[in-house]
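Visitor: Going down the list, the protein sequences come from chains A and B.
Okay, so the first sequence: first residue is 1 according to the working numbering, each after it adds one.
Okay, so the second sequence: first residue is 1 according to the working numbering, each after it adds one.
Just to be clear, a hint being listed does not mean it is correct.
Per the computed footprint, the stretches of chain B lying under chain A, defined by three or more beta-carbons under 8 angstroms from a beta-carbon of chain A, are [to be verified]:
hint, stretch
1, 11 to 22
2, 75 to 88
3, 119 to 130
4, 156 to 169
5, 182 to 193
These aren't lab readings, by the way, just hints derived from the structure by calculation.
All C-beta atoms in this analysis are idealised placements derived from N, C-alpha and C, irrespective of residue type, glycine included.
Below are the chains, spelled out letter by letter.
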Amino acid sequence: MGFAEILELYGANYAKAVFETMSMTFVCFCFAMAIAILITVLRVSPIKPLRIVGDLYVQIFRNIPGVALLVVVAYALPNLKVVLPWKTCVEVTVVLLASAFGSENFMTGINAIGVGQIEAARSIGLTFGQTMRKIVIPQALRSAVLPMTNLLIATMLSTSLGSQVPLNPQELTGLVSYITTRSTGAGIVPFVISALCYAGTAVLMGVLGNLIDKKVRVIR
Amino acid sequence: MSAHVTSMRDALYEAPGPRTKRLTVIGTTISLALVAVGAALIVRQFYITGQLDAAYWSFFTEWNTWRYLLEGLVGTVRVALVAAVISLVLGVLLMFGRISSFPPLAVLSRVVIDFFRGVPSLLLIYFFFLVVPQYGLQLPSFWMITLPVSLAASGVLAEVFRAGVNAVPKGQTEAALSIGLTPTKTMLRIVLPQALRIVVPSLISQLVVVVKDTTVAYVVSYPDLMQNARVLITTHDSVVSVYLVVALIYILINFAINQLSIAMARRSGNPIISRETENPT
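The whole structure should be built from the sequences, with the hints applied where relevant.
Guide: What follows is the structure, encoded as structure tokens:
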């Protein structure tokens, strides 16, 4: 089948799938950022158990494969009387994964600042709160732009996990498998459309992230 | 890295006085209690839903269970290693294309790299599983999982290699050219060997992404760890215990690879170049 035919038959599905992928990406990224900040606060807090919990969280979720986490959330949790809608399962999985990487990005940003700046801040009499607000957080945020852009792209790619559970409407990867198993002879076209949607968006995100990074980067 | 992390973490705070020390002790106690309560609640949920029953865990004491999981693990390792080798070769080739002085080749390589970096590996797997057979090419399930994993990794690896080549000081190239080596010889004899050494820790850390990507092998029914776990679940009717154990195995493997890459990076002094954040899929 050609492009025209596929788009005529499944154009509406593609519109929904693009919206589904992008909205899931956006929602998951926002939640992931919020949790990443929380986890990072735990990891730099002076209280040992909280640090350990934060470190453990990051080690677990940056090392677990997405599919392994998804099956735990989607198929194991219901046995523990935690039943979530399919879409929420996917979103929870993606948020857990992305927040671990997000926290790593923040930690790298904080570490890059250097002990000397903190010591300097304290020696001119800034309080802990001031040091955080004026020295640490602005620099950590600025140097996190590029890694976070990559994380946004990675979050979008992770939402393809949605193809492993019955979603309605489907996202871009699940739709390819749906069309290809339904229409015999659909050929390569459904794959190409989805792939271009992903890759095009990824390139666009990368370009925008680079532009922002050039504006705000801290040159050391 | 961890020594540095600790020092930065600790640098944020002044040496605590008696009051702060007291507060820290109180905070530590409260947070310990909270963690304990959280853990207890989780165990309780396992208990009241009957997931702690011996029936769900006893088969892990049998050698057969572990042998079966081990067979799956061998499948995972096989896919991961072959995919790693293919993606290394493809990555180097794509990198050469990307830095080539022949514009059409450079543009083409760039498009290919961006494509494989910007497409989820699951979509590539569906390509080999659902699309390729339509054109009369029926691949064995091993290649239906290994090829997409290799392609997904090759895009990222090309960029890692390029970063490695860029990290070799310019003076090396200039010196090589000035003693009369051709540009090709300069690249192959001088720059590439050094670049490869620089990216070793990064290559190891990329292996984590490859291992993660292999977990979708069940889509093409290739017997890897995850696929064998699913079989185990049907034979023992135990979802929670098997999935948790398998998840733990994956976490430990990837943790070990990550630690190895960090140790190599520290020993050689070469940084880990990644996609900044690896693909968490």
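Visitor: The structure should be examined with respect to each hint, and the outcome stated for every one.
Guide: Against the structure, the hints come out as follows:
no. : hint       : verdict
1   : 11 to 22   : holds (count 5)
2   : 75 to 88   : violated (count 0)
3   : 119 to 130 : holds (count 8)
4   : 156 to 169 : violated (count 0)
5   : 182 to 193 : violated (count 0)
Checked against the numbered hints given earlier, the structure breaks hints 2, 4, 5 and satisfies all the rest.
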